[in-house]
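Q: Okay, here's what each chain looks like letter by letter:
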Amino acid sequence: MFQNFMINAFETAAIVAVVAGVVGFFTVLRGAAFPAHAIPNGAFAGAAGASLLGISTLVGLGVFALGGAAMIASLGRRERVDVAAALTLALLLGLGDLFLSRSNEYASEVFSLLFGEILGVASYEILPTAVLGLLCIVVIVALYRPLLLSSIAPDVAEARGVNTRLMNLAFLGVLALTTTMAVPVVGAFLIFSLLIGPPAAALAITDRPLRAMALSSLIALVTVWMAIAVSYSTNLPVGFFVGCFSGIAYAAGRWWSMRKDVAQSPRRRRLS
Amino acid sequence: MDGSTQALTGFLSNQPVQTALAVSAITALVSAAVGVFAVIRGQSFAGHAFSGIGAAGGSGAVLVGVQPLVGFVTINVAAAGAMEMIGLRGARGRNLATGIVLGVALGLSALFLALDTAYTSRSGTTVSILFGSLFTVQPSLLPTVAVIGVIVAGLIAALYRPLLLTSVSRDLAAVRGVPIRLVGIGYVVALALAVSLSAVTIGAILSTALLVGPAATVLHVTRRTSTALALAAVLGVAACWIGILVSYASASWSTDARGWPVSFCIVAVVFIFYLSTSYGSRLGRRPRSPHPAHDVSPRPD
Amino acid sequence: MSTSERTSSGGSDVLVVEDLSVVLGGRTVLDGVGFSAAAGSFTGLIGSNGTGKTTLLKTILGIVQPTSGRVLIDGGAGSRQRPLVGYVPQKIELEPDAPLRARDLIGLGLDGNRLGIPWPSANRRRLIDAMIDAVNANGFADRRVGLLSGGEQQRVMIAHALISRPRLLLLDEPLANLDITNSHEVVKLLSHIATDQNIAIVLTAHDMNPLLQAMDRIVYLAGGRAASGTTAEVVRSETLSDLYGHPVEVVHAGGRVLVVAGECADDENPPTSPPRDEPGVV
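Chains as they are written, first to last, in the working numbering: chain A, 1 to 272; chain B, 1 to 301; chain C, 1 to 282.
Hints listed in this document are in silico derivations from the structure and should not be mistaken for laboratory results.
Some hints here could point you the wrong way.
[Stated by the list, open to error] Label-pair ranges, simulated between beta-carbon atoms:
1) A:LEU52 with B:LEU12: 31 to 41 Å
2) C:ILE117 with A:ARG77: 50 to 60 Å
3) C:ASN182 with A:ARG77: 34 to 44 Å
4) B:VAL64 with A:ALA229: 22 to 32 Å
5) B:ALA174 with C:GLY255: 31 to 41 Å
6) A:ALA229 with C:ASN123: 45 to 55 Å
[What the hints assert, rightly or not] Where chain B lies over chain A, by a calculated footprint (3+ residues, C-beta under 8 Å):
7) 140-148
8) 232-242
Beta carbons are placed, not taken as given, at the ideal position from N, Cα and C, and that holds for glycine.
Taking the hints into account, I'd like the entire structure generated from these sequences.
A: Here is the structure:
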């Protein structure tokens, strides 16, 4: 179980999980589940375009992910975020369709970009993943307080001089970076599951933001490592187990918070 | 002059084109009706998610040897129930619930596609579910499409007034004795059916584009829901037919004899429509609001 | 406007609004509004819906730019004065699933606009605890903020605004959704804070009655124009008739003050809100 390619898989998964936990915390807090789905999904059209032009997949992904993020942010100024995300996704995928129709050999790569091939990660892919992941974390840590305030109480943040529009753009930009980092190694679908399930579970469990962020990364890490291990021994796809374990983690989180609510006597709530 | 008439006759007498025009018209009409409410209620994500969730059901159906459409519908209705069970309120909570269910469903489709031995190429399935192609729809599917279309239209017509009232104000609806939860579930089922229908026939991209695009476009120019429904239906059908025509024609003037894919053409038309009203009406009436979401509130007619 | 006079001297005035006009989308929302608020004072911006109260607050906050006139905060203008202003919005809608205790949100009031993650420190903790005491939030300081009641969330937001030691605290309709007992509590708390911390408090309200005892100054808005002064100066039939541009009468009934349309008011005007080309809320 610990051959080279498995070590690569575990290492890459660890990087992706930690970043997904941190970025996912803000994704769930800001109600940005749809952008978190639309950006990775739409970005793969960029990969198709890159293969058509004969340039690096990573560049194509990055350009389309950042472009998609900018488009969601700009449409989102006049539109609900989910409408903005839907329109962006449709347009990006439409372009993807056009690119795919120009080249015949690309179809199999589409599959791997959507579902990922974490067991096929090569050693040379780990460094770019780590660098992009680190960049995401640095940006989130730097913007932590204004981003948190603008996610929770946008009016108040605006009154304090926080540029909420810039915060939104910065967040979507980080989502785009996360996408560029994760899609080549784990696929668009899997990164989406990791951006939603573990953070949603963490938010249900703890009342403190920093703990929630750390817990979210931890849950994501356990989810992916377990999924890889189980996938290896059952020979079923990793994505299946990541999807299941994320769902189970969320259910467990909800169960935990309900138990806590029951334990908290209703009398104590009235004290104030 | 004579040449273009001949070309048009050729276009219209082409069997795949005829089927494409009919199927796209039905799905565009149904999507527009459901889509206006999806945009007003903030359920566009659920609308898109059903195409992805349905794909898992579709590949599962192939695995057990039933019609993909049956798989789409079954899993989507189940998913609608699961989202309701998670029970998060508000547009933001519903989006999260949708995300969680979609995450699990995407895992399932990874499993089903891996197990599918009936398909020689997993990638082929993925590509066709995602992008679809109107020109490859089987004419025999037409009656089924029409029947589901009628069911969805009937559901929306039956729910129309309570749906409008709950979308404008939950409290008002509750006071008037509207069973809010039941109306919500009824709507999500209609949404699930409509998206199953469009995703399985014309692909996930077009499904989302036709659901959200025309509705978002018309809500820029009218706040009256009945007008919005009618306009969105017209725009949806127009986008499809123009897209089909362009795609069909592109084969003849494209350099390598490969036309532009029909899904791309339709999405492009939908987007052009959207941009024209979105930027056209910008100077007109709306004051800039930091929370545009509250701006879409419709007027009951 | 002739009705907007200033009585107190500029020296201790934390907020000075001079001849402020705001035009939004072609509509004149504020027309020559002027008033001032001193440190330790309690000012009410009174007016029915659509008279431009929220726009006035947003202009003071620097979110809306005035067409003419200016806003001075502690003698200065512009965005550099922004840290001197605390703000509590009207609608406080905190998500129930946000993993944030009341004390975390109050802490963000201290440094919410700075980069980086907050490092725990004894000093920071002491400041937060003091603020929790100041707004009587001890009972729920460690509970998830999105699950608190509306009144509790409001107190948390007041503490959030106060912790950065502003010179001016603005509150948008803080009494709008509170019952009589609760609004009395909040008014008492705010008056206490104004004198205790020596800051100017300015709040908006559509009903002046709960504030009558507490207000040092009243700014009465109608049709985008304002009359300011003490309640005795402003809430008189003559002043308000002048402001509205047609006769209105101030009626004292059972300890409450009502403004009703005078004898020659138009028939279509409802008696309690004599409107005249009132622009909508922006």
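Q: Would you say the C-beta atoms of ALA229 (chain A) and ASN123 (chain C) sit inside 45 to 55 Å of each other?
A: Holds, since ALA229 (chain A) and ASN123 (chain C) (Cβ atoms, about 46 Å apart) stay within the stated range.
Q: Report holds or violated for chain B covering the stretch 140-148 of chain A, Cβ cut-off 8 Å, minimum 3 residues.
A: violated (count 0)
Q: Do the beta carbons of ILE117 (chain C) and ARG77 (chain A) sit within 50 to 60 Å of each other?
A: About 29 Å separates the Cβ atoms of ILE117 (chain C) and ARG77 (chain A), which means 50 to 60 Å is violated.
Q: Can you tell me whether the CB distance of ALA174 (chain B) to GLY255 (chain C) sits inside 31 to 41 Å?
A: Holds - the Cβ-Cβ distance for ALA174 (chain B) and GLY255 (chain C), about 36 Å, lies within 31 to 41 Å.
Q: Okay, the stretch 232-242 of chain A and chain B, do three or more residues pass the C-beta test at under 8 Å?
A: holds (count 7)
Q: Regarding VAL64 (chain B) and ALA229 (chain A), is the given constraint of 22 to 32 Å on their beta-carbon distance met?
A: holds, 29 Å
Q: Please check whether ASN182 (chain C) and ARG77 (chain A) have a Cβ separation lying inside 34 to 44 Å.
A: Distance hint for ASN182 (chain C), ARG77 (chain A) holds at roughly 37 Å.
Q: Range first: 31 to 41 Å. Now tell me if the beta carbons of LEU52 (chain A) and LEU12 (chain B) are that far apart.
A: holds, 33 Å
When the structure is compared with the earlier hints, violations turn up for hints 2 and 7 and for no others.
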